[in-house]
Amino acid sequence: MFTSRQPRLTAAAQYLFLRKNPICSGSGSLRAGALTWEYKVRPSLIGREYTVRIEYRQGSTPRVFVIDPSLSELAGDRDLPHVYRDPLRLCLMLPKAFEWDSSMRIDQTFVPWAATWLYYFEEWLASGEWKGGGTHPDPSDTEQLNRRDRRARGR
Numbered sequence: 001m002f003t004s005r006q007p008r009l010t011a012a013a014q015y016l017f018l019r020k021n022p023i024c025s026g027s028g029s030l031r032a033g034a035l036t037w038e039y040k041v042r043p044s045l046i047g048r049e050y051t052v053r054i055e056y057r058q059g060s061t062p063r064v065f066v067i068d069p070s071l072s073e074l075a076g077d078r079d080l081p082h083v084y085r086d087p088l089r090l091c092l093m094l095p096k097a098f099e100w101d102s103s104m105r106i107d108q109t110f111v112p113w114a115a116t117w118l119y120y121f122e123e124w125l126a127s128g129e130w131k132g133g134g135t136h137p138d139p140s141d142t143e144q145l146n147r148r149d150r151r152a153r154g155r
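So the sequence shown is numbered by UniProt numbering: it starts at 1 and just counts up by one.
FYI, nobody ran anything at the bench for these hints, they're computed from the structure.
Since the model is a prediction, treat every value here as computed from it, not as a measurement.
Do not rely on the hints blindly, as some may be mistaken.
What the hints assert, rightly or not - With a cut-off of at most 25 Å between alpha-carbon atoms, the simulated BS3-like pairs for lysine-lysine come out as follows:
#, residue 1, residue 2
1, K131, K96
2, K131, K40
3, K40, K20
Using the sequences plus the hints, can you model the full thing?
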């Protein structure tokens, strides 16, 4: 189990790290302990370009969305692998495994994790086989992680 002794990063600190990292050069907003960040990523030299949005509320787990192109349209009639639904977002970590907490930088975790997910997504489009590994948790797992983070922060 991962537990960090590092101080928790505020949404403002996460926003500044995202702004300064050239890998995820983009734009966003910061309001009342929450941030939104959009950037473009190409997971491989021959891959398509995607517009990705990260939403983060302090004390919660970041949520990552692909804004363009539509993953559902690219998948056609196939069920998308390794995603959460309602709303559709990428499954990048196993919440119960404590792979992320708010002392970790989003630009050094979720940004590369999203690019890796998109690389395996493009492989899946071509082969029909998900090779990105991972275990897809129940949708309630993310909410449990968010509650644990809030309890740890005394909220």
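The hints, checked one at a time:
1. At most 25 Å may separate the alpha-carbon atoms for a hinted pair to count; K131 and K96 meet this at roughly 22 Å.
2. At most 25 Å may separate the alpha-carbon atoms for a hinted pair to count; K131 and K40 meet this at roughly 23 Å.
3. This hinted pair checks out: K40 and K20 have alpha carbons roughly 15 Å apart, not beyond 25 Å.
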